[in-house]
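Colleague: Listed in order, the protein sequences are those of chains A and G. Heads up, the first sequence is in this note's numbering, so the first residue is 9 and it goes up one at a time. Heads up, the second sequence is in this note's numbering, so the first residue is 9 and it goes up one at a time.
These are calculated hints, taken from the structure and not from any lab test.
Same chains, same names: a pair is fine if it fits in one copy or spans any two.
Calculated cross-link-like contacts (lysine-lysine; reagent style DSSO-like; alpha-carbon spacing at most 27 Å):
(1) K297 with K264
(2) K336 with K50
(3) K336 with K301
(4) K87 with K310
(5) K87 with K301
(6) K306 with K87
There are 2 protein chains.
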Amino acid sequence: MTKLNSETNFNILTTHKKARTGLLTTNRGNISTPAFMPVGTKASVKGLSSEDLTNEVEAEIILANTYHLNIRPGEDVIKNLGGLHKFMNWPYPILTDSGGFQVFSLSKLNKITDDGVKFRSHLDGDECFFSPEKSMEIQMDLGADIIMAFDVCPPYPCSDKEMKKAMQLTHDWLKRCKKTMTSKNSQLFGIIQGGLDEKLRLESIEKVCAEDLPGYALGGFSVGEPMDLMYKVLDKIACHMPDNKPRYLMGVGSPKDLIESIDKGIDMFDCVYPSRNARNATLFTQKGKINIKRAEFKQDIKPIDSSCDCLTCANYTRAYLRHLYSQKEPLFVRLATIHNLRFYSNLMKKSRTAIEEGDWDKFKQECLEFF
Amino acid sequence: MTKLNSETNFNILTTHKKARTGLLTTNRGNISTPAFMPVGTKASVKGLSSEDLTNEVEAEIILANTYHLNIRPGEDVIKNLGGLHKFMNWPYPILTDSGGFQVFSLSKLNKITDDGVKFRSHLDGDECFFSPEKSMEIQMDLGADIIMAFDVCPPYPCSDKEMKKAMQLTHDWLKRCKKTMTSKNSQLFGIIQGGLDEKLRLESIEKVCAEDLPGYALGGFSVGEPMDLMYKVLDKIACHMPDNKPRYLMGVGSPKDLIESIDKGIDMFDCVYPSRNARNATLFTQKGKINIKRAEFKQDIKPIDSSCDCLTCANYTRAYLRHLYSQKEPLFVRLATIHNLRFYSNLMKKSRTAIEEGDWDKFKQECLEFF
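Let's have the full structure, built from the sequences with the hints guiding it.
Modeller: Spelled out as C-alpha cells, the structure:
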C-alpha cells in the first residue's frame, strides 16, 4: 500500500457549469464521483451481503457508523478480528462517520463541553464520552479508509448563538482530530457547519479548509429544514469549497436532493433514504416512486421498473414483491433494497455520463419531472 | 413435455440393506434421492431467493403450502400470473402439500364430514371449506409437479377409534383425489396414515398403494410422538411400501431423523427444522449444533463449519454472524438459512454416496455420534 498524498487523492475529470465528475483514490479502491454511499450502520447494509453490494448494487464505497459500532460489538472486538473490512468481508473503501450526528440525535442526555460530549447510549443507558480524540481512535481501530472529523451538529432550527458555538467547537475539534488521526492509510475529511446562514457557512469553509485535508463534508444539512432552502444555500457555498477536493454532503438524500446537489457541485452522498424506503415498500422507478403495497400491483407481472437492470427486476414481478411484503417474508427486504440501491447507483452513473457528455441540464430536467 | 408414466417416474439406483438411492423424474427436472425439500410455505423459502436455492443450497425440489397460498394471495391470483413456478421464479420441481395437515393444526374450529373439512382461516377467521376435490383443484391451479392427496391427519395421541376413522376417510378421499387430479404434468402422491400402530399402517399401505400412484407418503408422523417410536414403526413398515416408488416421510426432520429414516428405506423429506433453527440462531456443523448467540463466539473468526462449502462459511465468521443475530440485522436470516439448508443438501449428498459405495453403516454411525 502506498502512502496517501492529500494533493493527489482526488482528480476532477470533467465539469459542466458547477457539476463535476471525478475519481477519488483510496488504498482499497477508487470511487467515481458523483458517488452515493449505501449506509451499513451496524457493519451491514440492511439485508445485503457484501457480495450483493459488489455484484448487485455495484457500490464502490459504503458508510458505517462509529456510534453504533462503538456500542455493539465495540471497536476493540472489531480491531481484534482484523478490522471492519475483514469483519464484514467488504474489501473496498469504507467511510465511517464520526459519531457526532448520532451523539446529538440518538443518545439521551448529551452534555457538551469543550472537551467532548457526555451521553447515555440509546441502547442501555450506559454513560459514554466521545471526544475528537476518542472518535479518531475508534475510527482508526475500525480501520476506515475515510475518517470523518468529530463535529457538533446543532438541531434545526437553532439560535444564532448556538450555531456559532457549534461551529467554533467543530473548528477547534478539527485541529484535535487532525493531530490524533495518525493512520497513514486513512484520509481525514473535515466537516463544515453553519446551518442555513451563508455567511457562517463561508466562514466555516475558510476555517475548515485551512487545515488542508483530503476532503471536506457539509454537515448539518437535511436536519429538518425545507430542502429548497438547502438547495439555495448549497448553490451559494459549495463552489467555494476547494475545487480539487471531494465535496461530501452528509445524510442526503432523495433522488431530487442528489440531482439538485450534484448541480451545485457536490461529489459524494450517503443516506438511509433508499434502503429505509425499500423496507417500507416504497420503490423507485424512472417515473417516480411506487408503493408496492397498493392493491393495483396484486396481479402486475411487470418488474418494478422495466428499464432497470437489477437482479430483482430481472427475476421478480411487482405481484410477487407485493405478496412478499404483505406476508412479511424476509426475502422482501433484500430484493427491495437491491433494487433501490441499484437505482441510486444507476442515477449516479447516469449523472456522471450526462456531465461528461454535456447533457447535464437536460438530464437534470428529465429527472426532476418525476422526483 | 412428455406425458408422465407412473411406471417410470422413479428408478432405484443402488440399495444397501433397506437404504436406497434413486432418481425421481418430473417434467421440470430430476431429483436425486434421498432428497430433502426446503419448505417455501408462502411461495418463499424464508430469506432465500430462487437463485439462492439453486446456487447456494443446490435444492432440486422445494415444497409449498396449499393452505397458506389458498388464503394469500389465492390460487386464482397465482394461476392468472402463470402458476407458482413463474410467480416465485423457480423453474424446478415443486411439491405442494394438500392443506390437510394445516387445516387440522393451524386453523380454528375445524369440522370434518365425509365430504371434507370446514374451518376458519387462522389469519382472519374467514370460513373455508377444503375437500379432496378442492385440494386437487388448488394444487393444479398452483401448477405443482407433485400433488399430495388430501388426508386426515389425527393428533398425537388419539384414540384407536379416531385413528381408524381418519384412516378410512383418508382412503376414501384418495379415490376422489385420484378422480379429480387430471393434470398430465403432475404426479399424485397418496398419503398413508395409521399413527404408531404397525397393523393400521400396513393396512393403510395396502389400501393406498392399491391405487397405483407415482409415489407414496407417510403422513401423521412427527406430530409429537417420541422419535424412537417413529423409528421403530418406520423400520417395520417402510419396506412394505412398493420398492419401485418414492417413499416420502412428511414433515421430518432433524439430521438424526433423516439418517434413521434413510436407514429404514425412506427417499424424501421436508421440514422447516433447518430453516426455522437458522432463524433462531441454531446452526449445524459436522460435530453437532451450535447456538451462535453464545458469548464464546464473540471473537471467533472461524466459519460456522470449516468443512462446509456454503457461501456463508466461505465468507463470514461466527463473530460476524453472532453480531448480525444480536443486532437483529436482516442479513442474518439469509446467511444462516443458506448454511443450514446447504448442510442438509450435503447430508443428503453424502448419504447417497455412502449408500452407493457400501459405506452406509459407517456413515450413519459417524453422523449419529453428533446428532
